[in-house]
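Okay, here's what each chain looks like letter by letter:
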Amino acid sequence: MPKRKVALNTKLEFVSILDESGRVDSKLDPAIPDEDLLKLYRTMLLAREFDERMVRLQRQGRLGTLVPCRGQEAAALGSCYALKSSDWVAPYIRELAGCLWRGWQLEQFLMFYSGHEEGMKIPDAVNDLPLCIPVATQTILAVGLAWAAKIKREDSVVLCFFGDGATSEGDFHEAANFASVFKLPVVFACHNNLYALSIPVSRQTNSKTIAQKAVAYDMACSQVDGNDILATYSVTREAVERARSGGGPTLIEAITYRLTYHTTADDPSRYRTTEEESEWERKDPILRFHKYLGHKGLIDDSRRDQWLEEISSEVQQAVDNAESFSQKNTLDIFDYTFDQIPPSLRKQREELAEFMEFAKSFERGKA
Amino acid sequence: MARLNMVQAINLTLSEEMARDERVILLGQDVGVNGGVFRVTEGLLEKFGEQRVFDTPLAESAIIGSSVGMAINGLRPVCELQFSGFSYQGFYALEQHAGRMRNRTRGRFTCPLVVRVPYGGGIRALEHHSESRETYYAHTPGLKMVIPSGPKKARALLASAVRDPDPVVFFEPKALYRAIREEIDESSKEVFPIGEAEVVRKGEQITLIAYGAMMPATLKAADLLEQEDGVNAEVIDLLTISPMDEETLANSVQKTGRAVVIHEAPRNCGVGAEISARLVEKVFLNLEAPIRRVTGFDIQMPYFSRENLYLPSKERILKVARETLAF
Chain A
1 MPKRKVALNT KLEFVSILDE SGRVDSKLDP AIPDEDLLKL YRTMLLAREF
51 DERMVRLQRQ GRLGTLVPCR GQEAAALGSC YALKSSDWVA PYIRELAGCL
101 WRGWQLEQFL MFYSGHEEGM KIPDAVNDLP LCIPVATQTI LAVGLAWAAK
151 IKREDSVVLC FFGDGATSEG DFHEAANFAS VFKLPVVFAC HNNLYALSIP
201 VSRQTNSKTI AQKAVAYDMA CSQVDGNDIL ATYSVTREAV ERARSGGGPT
251 LIEAITYRLT YHTTADDPSR YRTTEEESEW ERKDPILRFH KYLGHKGLID
301 DSRRDQWLEE ISSEVQQAVD NAESFSQKNT LDIFDYTFDQ IPPSLRKQRE
351 ELAEFMEFAK SFERGKA
Chain B
1 MARLNMVQAI NLTLSEEMAR DERVILLGQD VGVNGGVFRV TEGLLEKFGE
51 QRVFDTPLAE SAIIGSSVGM AINGLRPVCE LQFSGFSYQG FYALEQHAGR
101 MRNRTRGRFT CPLVVRVPYG GGIRALEHHS ESRETYYAHT PGLKMVIPSG
151 PKKARALLAS AVRDPDPVVF FEPKALYRAI REEIDESSKE VFPIGEAEVV
201 RKGEQITLIA YGAMMPATLK AADLLEQEDG VNAEVIDLLT ISPMDEETLA
251 NSVQKTGRAV VIHEAPRNCG VGAEISARLV EKVFLNLEAP IRRVTGFDIQ
301 MPYFSRENLY LPSKERILKV ARETLAF
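Residue numbers (my numbering), protein chains in the order written: chain A, 1 to 367; chain B, 1 to 327.
Source of the hints: derived by calculation from the structure; they are not laboratory data.
Be careful, since some hints might not be right.
Unchecked claim - With a cut-off of at most 30 Å between alpha-carbon atoms, the simulated DSS-like pairs for lysine-lysine come out as follows:
| no. | chain 1 | residue 1 | chain 2 | residue 2 |
| --- | --- | --- | --- | --- |
| 1 | A | Lys183 | B | Lys47 |
| 2 | B | Lys202 | A | Lys347 |
| 3 | A | Lys360 | A | Lys328 |
Let the hints inform the model, and build the full structure from the sequences given.
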């Protein structure tokens with residue numbers, strides 16, 4: 001009974017197509033049409049400008065605690081560009097550029113971060129789950145979406161985003177296992193931004209890569225420069241094609257960096273050095289994409305500046321729209337718990353209505 | 001007509017609902033080839049095939065979580081957990097998503113799914129196989145919590161649960177799985193609305209309120225009250241724990257002035273506490289005695305050699321009912 005070697009399905013490549021100076025590996029260039037390249041670039045600019053504006057609004061007390069996305073635009077956007085609109089996205093919360101590409105409205109984020117449930121009413125034409133705050137739980141929902149698609153014999157694919165921290169949660173492993181056992185059309189896209197809040201990825205896992213966790217599930221995997229939109233698109237496109245053709249799930253690890261806070265309540269100086277942050281500023285996904293488009297003669301500084309001006313007023317318009325939203329029917333907090341409001345809940349609704357009348361007369365009495 | 005036990009009645013209902021609506025699918029551990037550990041899903045894999053009945057890996061969180069995703073994407077999943085004691089690994093998929101998705105998305109996405117969970121003591125099982133934790137689910141907004149007590153009601157309520165537009169946690173009293181047989185007319189598609197309690201024994205002098213596996217002992221206690229004491233007790237089967245039918249409860253206690261609530265779950269923050277509070281709010285001036293509770297104790301469920309000390313019996317119910325009548 002000799003020992004013998006057990007063959008494992010392992011193939012893991014790191015994919016990088018566009019480097020920091022905007023040079024492209026022409027053999028790997030996914031040949032995105034010029035028109036789309038410009039749309040993608042404008043979406044990145046919009047996401048960046050909007051994100052920074054939301055942080056300023058939060059600092060002014062006009063929005064609640066929020067999750068900024070600066071620096072991770074290429075990771076989300078490149079992957080979403082590989083989808084059809086009939087596909088699904090199960091987001092985490094730091095994929096703003098991808099969500100905007102999918103058709104989410106700026107007002108949704110402003111509403112959400114000012115405490116209105118209306119913000120996560122995903123537009124009817126968009127097949128995306130709402131932002132998911134409990135870490136890694138969206139991976140299982142993504143499995144269910146994909147499973148339903150397969151049972152219904154639809155050819156849609158589910159793209160699920162999550163961070164490096166999520167890979168420590170049981171749900172991630174359960175999701176990977178289910179997706180692999182049932183060969184479901186899911187693309188798991190991990191945005192490894194090197195920190196889960198303050199915890200470095202070295203404390204999150206002893207694996208050399210997150211991508212290799214797919215090996216345990218006999219799932220295809222790849223690692224990619226997450227700040228390179230051509231690369232994130234290319235590897236996701238391949239994964240989406242595999243999923244759509246019945247080849248099962250893929251785990252993509254996109255290495256990126258959050259050039260901002262975990263949330264607006266966070267102080268990254270407690271756990272990151274400014275040297276490290278400046279090094280990643282040089283790897284900014286938008287800078288390199290701008291250089292690439294410049295080399296191709298598609299964009300120049302003046303056109304970008306013109307776009308930035310347009311974007312600025314677009315964002316201002318959204319802020320005005322969101323801030324003018326008035327809660328006409330506050331009692332509707334009761335109306336989305338069930339399809340039909342049960343009698344005992346209707347009574348609680350009436351109780352609040354009566355209290356609101358009381359509060360009004362109480363205020364008048366004081367005046 | 002056929003005399004069916006609860007296992008057969010649930011099996012029949014699943015089969016009927018799957019035949020009625022192709023969006024209904026089953027998933028869980030051992031529900032396919034094995035027909036479920038209690039044989040509730042026996043024969044359904046053969047009848048509906050591998051695209052409708054799924055044996056899954058052993059992971060409660062993924063079973064419920066993927067059901068949530070399926071429900072969002074247009075299916076009507078009915079998943080089975082083997083025992084309520086293992087439901088906690090899947091609880092957060094209900095708490096964090098199923099019960100919230102409608103509200104979170106202002107109705108864009110909904111979660112019509114059923115989680116079937118055998119619960120309760122009295123089957124001489126190992127630890128984690130005998131407890132009753134319906135309060136966790138009843139306490140969670142956005143979930144409906146249903147517990148039938150016999151084959152007919154199990155069929156009628158499960159049909160409603162499968163058709164419900166919202167997530168339903170369906171606890172099955174495993175002590176009664178094969179204990180009772182009832183006539184079931186297979187040609188009629190009887191449904192019973194979720195959210196309604198039922199007066200199962202008319203009476204005037206005291207109201208006994210129970211559900212699930214406590215119904216037989218409660219009905220026996222009512223018989224004893226009549227035989228031994230000449231007392232005419234009204235008995236209510238709650239059936240839906242949440243949303244609770246407080247009207248039926250209040251109407252009864254308004255008439256009788258006395259109430260005892262019976263459940264096998266621990267007393268602290270249990271369903272009995274909720275019923276008691278609602279009755280005090282609604283019929284305080286009609287009460288002739290404090291509302292009493294006959295329940296499990298606030299301890300871990302004893303292993304089966306001593307579980308009878310823990311589970312409410314007809315004698316415990318009788319004693320407390322007499323005290324309530326004598327107050």
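### Query
Of the hints stated earlier, which fail here?
none
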